[in-house]
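Colleague: Chains Y and U, in that order, are what the protein sequence lines are. Under numbering that gives the first Met the number 0, the letters of the first sequence match residues 0 to 282, in that order. Under numbering that gives the first Met the number 0, the letters of the second sequence match residues 0 to 282, in that order.
Simulated from the structure, these hints should not be mistaken for laboratory data. Be aware that a few hints might be false.
As the list makes no split between identical chains, a pair holds if one copy fits it or if it spans any two.
Listed next, the in silico DSSO-like pairs over lysine-lysine satisfying Cα-Cα at most 27 Å (straight line) [said to hold, decoys possible]: (1) 100 with 133; (2) 82 with 109; (3) 112 with 82.
2 protein chains.
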Amino acid sequence: MAKQLLGKEVTAALNERIKADVAGLAEKGIQPRLGIIRVGERPDDVSYERGATKRCETLGVEYEKFLLPADVTQEELMATLEKVNNDDKIHGILIFRPLPKHLDEAAVIKALKPEKDVDGITDGSMVGVFAGTKQGFPPCTPQACMEILDHYGIDCKGKKAVVVGRSLVVGKPAAMMLLQRHATVTICHTRTVDMPSVVKEAELVIVAAGRAGVVDDRYLSPGQIVVDVGINVNEEGKLCGDVDYAKAEPVVEAITPVPGGVGSVTTSVLVGHVVEAAKRTLE
Amino acid sequence: MAKQLLGKEVTAALNERIKADVAGLAEKGIQPRLGIIRVGERPDDVSYERGATKRCETLGVEYEKFLLPADVTQEELMATLEKVNNDDKIHGILIFRPLPKHLDEAAVIKALKPEKDVDGITDGSMVGVFAGTKQGFPPCTPQACMEILDHYGIDCKGKKAVVVGRSLVVGKPAAMMLLQRHATVTICHTRTVDMPSVVKEAELVIVAAGRAGVVDDRYLSPGQIVVDVGINVNEEGKLCGDVDYAKAEPVVEAITPVPGGVGSVTTSVLVGHVVEAAKRTLE
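Please build the complete structure, drawing on both the sequences and the hints.
Modeller: Below you can see the structure in the form of structure tokens.
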């Protein structure tokens with residue numbers, strides 16, 4: 000029976016740290032604040048926003064919404080971003096993407112100040128992840144994976160780690176963050192030959208394949224730590240991960256469930272980034 | 000007896016391609032030109048510069064030197080860079096580093112236009128390598144490794160590749176470039192446990208450990224392709240790589256010698272980047 004690496008335990012500990020940081024900032028007269036720029040009313044965006052603002056409220060972080068119509072012009076959007084960029088009271092900015100097709104998303108990302116880029120989408124943040132420096136912020140999902148490992152005291156140093164998936168949002172940054180923690184890192188993907196044998200040799204596996212249940216017991220071996228980044232809806236309409244949990248669980252040492260694993264940590268990571276951004280203004 | 004992957008063969012083929020590109024640009028009235036910014040007279044810089052300018056001459060690429068005294072002020076250096084940045088006749092810029100300590104190197108790199116960053120030092124270039132896009136240019140050394148693989152028709156797709164070293168100049172970009180070519184990539188480093196057994200499993204090995212002869216026959220196995228990035232001086236004062244060539248050569252299928260391997264390709268890669276930068280101005 001594998002140990003469950005539970006997002007709620009990680010989040011609870013992370014929230015306590017964030018609250019302490021917020022209290023510390025309050026003593027210095029600083030109130031962390033998130034600026035949310037949303038174009039249109041896409042249900043996914045609205046739902047994520049609700050989660051984020053609720054978490055902000057719980058943790059004592061303020062937020063301000065900048066809601067723009069779906070047919071906003073590039074000029075209006077850029078003007079809004081410039082205002083939020085230059086507002087010293089706003090420490091972090093979340094911009095929902097993809098933007099409607101008539102807008103130049105690359106130009107928006109380029110204009111976003113890296114020091115306020117709490118979602119890790121700017122070049123500055125990406126270089127920070129690639130170089131292993133504190134420039135900008137890593138994307139929230141791979142950071143949530145690291146929070147889980149750290150919370151459960153899993154030391155990556157010298158471990159054989161395999162990352163399944165090479166996306167710019169999860170796979171590649173997760174690999175760089177594991178490397179920063181001194182793991183020996185292998186990146187697998189759709190072109191990998193005999194992936195089961197490659198994954199089987201790992202001590203630590205981060206799965207971000209983007210397909211339900213693709214990693215099953217053929218890929219896994221005793222003693223492994225498995226972090227499942229996938230969020231999919233299976234044939235019965237239930238949430239499930241990229242790992243076949245029922246088959247994996249009897250084999251491995253520890254595993255994150257879906258739901259209740261990585262996904263449940265990302266919102267606190269985002270809010271934590273806002274607080275960190277506020278702290279950095281003091282440096 | 001391993002096949003030797005010879006830099007001079009790669010360079011010869013690369014030079015022909017570059018010359019054809021230069022001729023093509025000439026028809027469109029474009030003369031590719033490299034701007035070289037050098038502060039002081041460090042012998043290593045002067046020697047590299049001589050190699051680069053000679054190669055430019057051979058390939059029909061013009062160059063212009065901007066030589067500044069070792070005690071140049073930040074303002075003067077930035078003014079020079081701005082001039083070169085904004086000179087439409089100059090397509091690529093090489094800035095020798097490290098700069099003298101009184102100068103703010105980060106500010107200089109930040110000011111350099113990514114589209115002229117033929118040495119791959121800006122954030123824009125690094126994101127290009129990390130994301131696998133054509134933004135900026137990769138650093139010349141890992142690009143030279145890829146040129147060698149490509150020249151000898153070594154298809155990376157699905158291959159198990161191991162990169163020894165995780166520097167921002169070689170190891171990490173080489174790993175990303177192999178990933179872009181669909182290899183399954185493992186990154187090893189000083190904290191890797193039992194590195195010989197990890198490297199032994201690879202089909203393709205890029206060694207950028209930065210220490211003479213650390214990879215020997217204990218790390219290697221038959222059938223492997225080995226690319227040695229190291230340039231070291233051994234106890235007898237001779238140039239040698241990070242691979243113990245005498246011990247490796249009888250084991251592996253193909254290997255780059257040192258000298259005469261990767262290092263001999265980088266200068267043409269740099270000049271090739273200048274020509275590519277000139278071509279991109281037409282897009």
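Colleague: Out of the numbered hints, which ones does the structure contradict?
Modeller: none
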